[in-house]
Every structure is written in C-alpha cells, then in structure tokens.
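**Student:** Quick mapping for you: the protein sequence lines, in order, are chains G, A, S and E.
Mapping to this note's numbering: the first sequence position 163 is 144, numbers consecutive.
Mapping to this note's numbering: the second sequence position 154 is 135, numbers consecutive.
Mapping to this note's numbering: the third sequence position 195 is 176, numbers consecutive.
Mapping to this note's numbering: the fourth sequence position 13 is -6, numbers consecutive.
The hints are simulated quantities; they were obtained by calculation from the structure and are not laboratory data.
All the given hints hold, so there is nothing to weed out.
Remember, identical chains collapse to one label, so a pair may be satisfied in a single copy or spanning two.
Restricting the straight-line Cα-Cα distance to at most 27 Å, the calculated cross-link-like pairs of lysine-lysine (DSSO-like) are:
| # | residue 1 | residue 2 |
| --- | --- | --- |
| 1 | K156 | K19 |
| 2 | K148 | K108 |
| 3 | K156 | K32 |
| 4 | K162 | K93 |
| 5 | K93 | K(-17) |
| 6 | K93 | K120 |
| 7 | K179 | K152 |
| 8 | K179 | K148 |
| 9 | K137 | K20 |
| 10 | K93 | K138 |
Each chain, letter by letter, is given below.
Number of protein chains: 4
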Amino acid sequence: MKPPVVLIRDKYSFLIERFEGKLHTHDGIINLEELRNKKIGDEISTHLGVKYRIIPFRAVDFFKHFKRSATPIMPKDIGAIIAHTGLSPDSLILDAGTGTGMLAAYLAYFNKYGEVITVEKRKEFAKIARENFRIARLKNIHQIVSDVLFVADGFKKEFDLIVLDMKDDIKFIPKAWDLLKVGGHLVVYNPYIEDTRKVYEVMIKEGFKSVESFEIIKINYEHKRVGTRPFTRVWHTGFIVIGRKI
Amino acid sequence: MKPPVVLIRDKYSFLIERFEGKLHTHDGIINLEELRNKKIGDEISTHLGVKYRIIPFRAVDFFKHFKRSATPIMPKDIGAIIAHTGLSPDSLILDAGTGTGMLAAYLAYFNKYGEVITVEKRKEFAKIARENFRIARLKNIHQIVSDVLFVADGFKKEFDLIVLDMKDDIKFIPKAWDLLKVGGHLVVYNPYIEDTRKVYEVMIKEGFKSVESFEIIKINYEHKRVGTRPFTRVWHTGFIVIGRKI
Amino acid sequence: MKPPVVLIRDKYSFLIERFEGKLHTHDGIINLEELRNKKIGDEISTHLGVKYRIIPFRAVDFFKHFKRSATPIMPKDIGAIIAHTGLSPDSLILDAGTGTGMLAAYLAYFNKYGEVITVEKRKEFAKIARENFRIARLKNIHQIVSDVLFVADGFKKEFDLIVLDMKDDIKFIPKAWDLLKVGGHLVVYNPYIEDTRKVYEVMIKEGFKSVESFEIIKINYEHKRVGTRPFTRVWHTGFIVIGRKI
Amino acid sequence: MKPPVVLIRDKYSFLIERFEGKLHTHDGIINLEELRNKKIGDEISTHLGVKYRIIPFRAVDFFKHFKRSATPIMPKDIGAIIAHTGLSPDSLILDAGTGTGMLAAYLAYFNKYGEVITVEKRKEFAKIARENFRIARLKNIHQIVSDVLFVADGFKKEFDLIVLDMKDDIKFIPKAWDLLKVGGHLVVYNPYIEDTRKVYEVMIKEGFKSVESFEIIKINYEHKRVGTRPFTRVWHTGFIVIGRKI
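Take the sequences, apply the hints, and build the full model.
**Tutor:** Below, the structure is given as structure tokens:
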C-alpha cells in the first residue's frame, strides 16, 4: 500500500500523504508509520483505541481534501459533462480556466489512460491547483500557466474534448473548433444566462452541431423518522453548453 | 477505419455496422463500400451529391441507435452515478438489472480498461441488450442471463461498483455489501420514493456510509430570437441512492 | 338557483348557462328545465338514469370552460400574483393585455367588491375574452378595446394593482407608476428571461421598491399503487416581476 | 388615516400600531403624533431629517411584522391554495392548526367579506396568533383554542373551504367532508411525502373529487451587472393536497 490514503471514521476523514509522523485527531493520536504494514480496508487505532478505516483516495474525496481558491465545479456538473460528451478514458482533453483544479483533476482521474492539458493565467490559482494535483497523484495532467488564447496556437494535437470555464470563453470558441477532432466536443461552463446565450449563438455560428444548453439540478431527499422531504444544498451552480464538431 | 461508424447530416444519423451494401437515405443512396477508403472526419456523398460526415460511434450515440425494451436510464443519471462514485476506468463493476443495456454499455464504455458484469433474468430483455452490446462493440461486458440473487454467490472477485436497477433491489443489498471492496460504492436506481426510502434505510442498516438519496433534474434552455426560456423534456426519471462500503 | 351552474360526474363536466333545452351527454339526455326546481348540491338524472351533481361555477372551472385564444396564464401564477401583492377584494385593478381574459376573470372573481379594467388592442382576442366574461357572469370587469399606452392617459383613478401581460410592457412602466396608489403593486408577466431582466431594470429605475423577479413551478405527485413519483405537466410558463410604489 | 400603518425606507420598515410616543430608528427619532395629520403616501421625517414613507399595512407585510412560533406557511403556498380552490371573498373558511396564524390572517384578508374560523389546541401558539390577528386588525377571524376533532361537531354551518395544517389531519378528513358545502374544497398542507400520500388516499376514499397532490417551488432570479442567474431562498416547504366535495 502506497500513499495517498484516506483514514475515515463516520464523518471525520484525513488525507494521508506520507506514512511517517503522527496524526492528531480528536479521538487520539495515530502513529502513521504503522500504515506501512497495513493494506486498504484495514483499520488503524489511535492511542485511545478508536479505530479508523483505511480507504483509497478517490475522485469523490477531492471535494473534501482539495485546497480551494475559486468555487469548484460540482460533481453533478462534472458527471453531466462526462456523460453528455461520451468521454473515453484514453482521450486528449483541454481544460481552459484551471481554477481550483477540481475539473481538471476529475477529468484526469476518469481519463486515466489519456491526458489532460489545463491552462490558467492567474498564477495564484495555478499554484493552488498544482498542489491539488500533487495531492491526488495525477500524472496525466499537464499544467500551463498562461493565457490559453495565446498558448493554444502552439498545440499540434487534436483534442477529443475541450472544456472552458474562463472569462474570455467566447473568444476562444473558434480556436476550440480548430483544435478539436471530428466527433469531439466543446463544453462551456458559465454561471450567467446572458453569457450562456452568447456562447450558444457563437457555437452555432462556428459550425458546432447538436448544441445544447442546460443546467443540472440535484435534489436531495432527507429520510427522517417523521417522513421524507426534498431539499437542495445548492440549487444553481452554472449553465452548461455542449456542442460537437461534425 | 473500422466499423461501427456513424454517418451524420444535421439531425439525421445512421449507424453503419458493415462497410458493404447500400444505405437508402431520403437524400439519396450511399454506397457503403466507399467507406473502406475513407477515415473518420471525411465526408461521403449520396448518389444525389448530398454529403454526410463520418464520425466515430461513441457513448453519446447509444441513445439514438440502441434498440429499446424497458425505458433506458438517461445520461444525466449515468453521469451522476459516475461522478458521485468516482469511477476509475479500470474497475470491476456489477450491473444488476440489465434492462435495455444502456447503463451497462455506458459503464463499459467509460470503464474501458476494466470489466462490467451485467445480470438480467428476463430472457427477452437480455437478448435485446446483447444486440446493443454487439452494435457498440464493447468487449468488456460479460452478460449473464439469470437471477442475480442466486448467481452472485458464485462471484469470487471484489467489486468497485455495484449498480442495481431491478425489482428485488432490497434483498440484494446485503449481498452487495459482501461483494464490494472496501471504499467501493453501491448505487440503487429506483423510480418511486417509497422504495427509495426503503433502500436508504436498508443501506444504513447494512453498514453503508455517506449514504445519500437524490434525484438529478436537467433543465434545458431554449435560445430563440424572441428570447431565452427554460424547458424540460423529461422531469423525473428515477431516484438514486449511493452509499460506500467503509 | 340561477345559472350558470356546472353539471359534473367524474371527469365529465358541463357548463349550463340557461335552464332550458336539452343537454346531450354520452350518458344520456338531461332536460335542463328540471334545473329550475333544483338547488346547488342536488343531483339531476339523464334519461338513462345516470346522475350528475349540480355545483356552482367557480374560478377553478374557468380553465375548463373558457374559450381560448392565446395561452392563458395558469392558476399557479395567478395565485402568486394575488399572494405576493396582498390583493384586497375591494381593489381597483388594471389588467393590460387581456388575452383570453383568464387573468382578468380570475382577478375580478377574487376582487369581487372592487373593479377590474382590462385593456386589449387586438379585437379578435377582446371578442373571445368578452364571451368568457359573459359566461362567468362577472359584472365588475370593464373591458376596453384599445392600446393601453394611449387610453391610460385618461384614467383618473388610482390603482391598487396593475398587471401587464403585453408586448410593450417596458414602455408602459412609467405610466403604471403614475397610475398606482402609494403602496400599490405593479406585476409584469413575461415568458422570456431577457425581457424579464429589462422589465426588472426599468422598474428599479422608475423607483419601484421591493422589486422581485421569480418563476413559480408546480410539481405534481402521482400516488400509484407501486409508489409515488413527481411529474410536471407544464414546467415553465412565464417569469413574474413584482414591485411596489413606495 | 388610522393605524396600523407601515413606515418604510429602503429595506427598513416599522409597523406603527398607535399614533403616539416616539420611534427610535437608526436614522433618528420619529415623533409618531405627527402621523395624525398625515395620510397614506405622505412622508414623515426623523429629527435628523431622514424621510420615511407612510404605506398601508397589507397582507404582504404580515411576513415581516408577525410574531413567530411555528414556521409560517409562505405566500407561494397561500397563493396556490387561493387560486386552486377559487376562493370567493365572501366565503366561510375553517383553518385547523392555527400555528403562527399566518394562513388564517392571509385568508381573512382575502376573504374580507366572509369569515374565517381558526382552531388551535396549543395555548402558547394560539396566544401568539391572537396577537398577530390584533396587529393586523382582522375582524373576521374567530379563534378557538381547542382540539378541532372535538369542537368541529358543534359547527352547524357549511364551509366553502377547509384547510388543515395539523398533526391529526387524516382523522379529520371525514369530518371535513361533512362540514363542506357541495362544490367546496378541502386543502391539506403537509411537510412530508409519506403523510401526503396517506392524505391523498383517505381523501379519495372519502369521496373527494379532482384530488391533486403537488408542491409549489419559487425560483428567484438575480439580475446583477455581470448577469442573471436563478436561486432559491427556500426550496421545499410543504406538499399540498386539494380535493373537492362533489
């Protein structure tokens, strides 16, 4: 078993990056060197005898353990992007507007046998994202700190998927067309409806087909002893426009 | 270039499984043998000179081209399952309740370097699903025609993900626990709220953690000259309960 | 008992405007003169002995029995207008853009001890609405066939509520301000989001307070033997902007 | 002009019940005796010269100024009840489960030329509601502090509308049938889906027609300089079941 792993008990979880030193929990201290002789699924005890389970660090844990800068895109939206573009796990993906790196990390995780190029021009965001990629041990992310509008001209390869979550998304749409393979998808994520409309119109104008504009809502259900009722933690996050180069 | 490919023009698309014979479209006839000398991204003409684009057959095309028996699960729900379980593309997946095979096919597509075992007891459903898997050329699906409640006892391997879309889902939950790896996920898909509640309660009782019950709504936006407005093609499909073995 | 009344049996209902002649139903013929000796709540039989219940003609029956021209505003939206403006039943209301007359009729019904002035410039719409008002026996509706932008200058009285469901809504907002009492409300109903935004901005600029922009969604639940699930007959109808003159 | 009135400036508002004494605002002190010579729509100044507008106290102000015990029903739901039952403003209404008195007050306000009987068995709730009714100067509410299951037997009159927002709603449904006029409506408000289903089934069994089970969602739109986006302050409040005695 190699790091990273997650130690978990009820709603408490700790990301362990190195099997050395001591972890102070409110249930007592864990000697992390003991992890060297354990395997995924085993338990480890604090000095007070409280047991934590060892589980692998997977994409679903990114949300809890990533450092945050901008508001990260949520799993409901990431799932929609993957399913509605039919992402194959050996694709070449361009992610423009790294932000926290949540989307790039998720995409790299699913696209394990392919590559993700992520571009961000704000250095302070890129730094936090880089740290998140390191934590997640994702080796198929190539991070570029620059303006994608300039750097993209140098890209030779053809992309299967391009995702934009950035200010100048409209300007980049014609370049996205050039960079995509036939059959590939462009996805633009945007919090505001007016911008979403502009993106939709420019994508239609640039020749994209099957262009669709939507938002994904997740309605949770709470099952209490007295009964079941719906609730939403977050209602609106962003609009998604998807089109295909045909 | 090998079949299958899709020939597409505007909203018309044809799945081509063999590069032989003739395809009759309302725009004229296409000689499919010509496809042997073409590649993805090329165009092919009908005898009337109307051009169709050749694109790869990807998961997003399953919905249009699969044969249907039961109502298939929709991409919005498939995406949520993938993102909320953090599916790695080299996983071992059990899909109980094959139905049309849509979910198994999608999962096999994303989980390209892993395997999907799908089980269905209704022979007529299994037959249609088998045909769909053949069309999609998915080699990592193992189809079993039997009652999963019996056949599962023979499974030796540990699963990363188990998805239930079947009548006796509740009865299978304890077996699902036994079959999962530590850190693996159980997902139960269900159209009715009362059944969803029962699933939730049994999963809690069986020891699953981070159990969450939700539904995914896709709100489309139509951008017409006169303005933008939301609409939904389909509002409710099913509820999803996800839990993790920890 | 005086007409109009409704004869109802299961999902079949007939609006009776005169207690004379014969009504042919698929359950047999009803002699309407018999209604003269009956009262609300009584039953009346067809010549085949099938019984219909006599109920009053109320606002909830407008939807079934009104003649239609444009798409009528729905009860969910009418209810929101009434509740969010705190309509008192002795108000003076201006309804600009009569359409089918559904909203004017509903408002006149609730505002029984007040008055509703409704204005429509398209003669063919006004004619159908007039017929609907006649059917509903609403005596407190004053119908004007003209362009409200011109005719409004002649209005001397101060309104408690002004509702706009018409093309030139933006142009009328400053006039609406002048026509409202202090504490009165302006409501603008609109199917498109871009227009809704413009309305919102102009209302803010004209000095309206507590301006709110929203849409009302009605989610129905179907309780079948196999379980309960949500559905929507109609998802989006229109956006509502409400502001108050303070 | 008679009290109560509301003094309002931007988002600050004060309910004034007596035209005597002094009101301390963060903008300075207002001498309330000056209100005796003012009328609705006038302004009144603090000793610092900041002006407040005098507006009438209407139903829309109940939400801000009522004292709270239980969670009050929201305007979106009150509007749906009024519109879907076609409430005439001279009706006889029974409101069982007074709670904060919000619904009774709203109904009394709309039903100005009719009467509302409201029943609550918890004395501490009834006391707060009584205070709210007093503030709103609603003279057509008759408040009973008792268990509606017992007290209802004494009701001789026939009701146009009965609304239940109380624990033993199911038990009261047969009595509600007896108490309603032909053509009248029963409305049951309930936060949980399982209880909603039971209510629905009992109403069907008791003979109610046009029974419908739904929930009302209000989606707000925020129009900022950077763009428009939806949000919800409160997603789920309660389910509404409506049926008609025919």
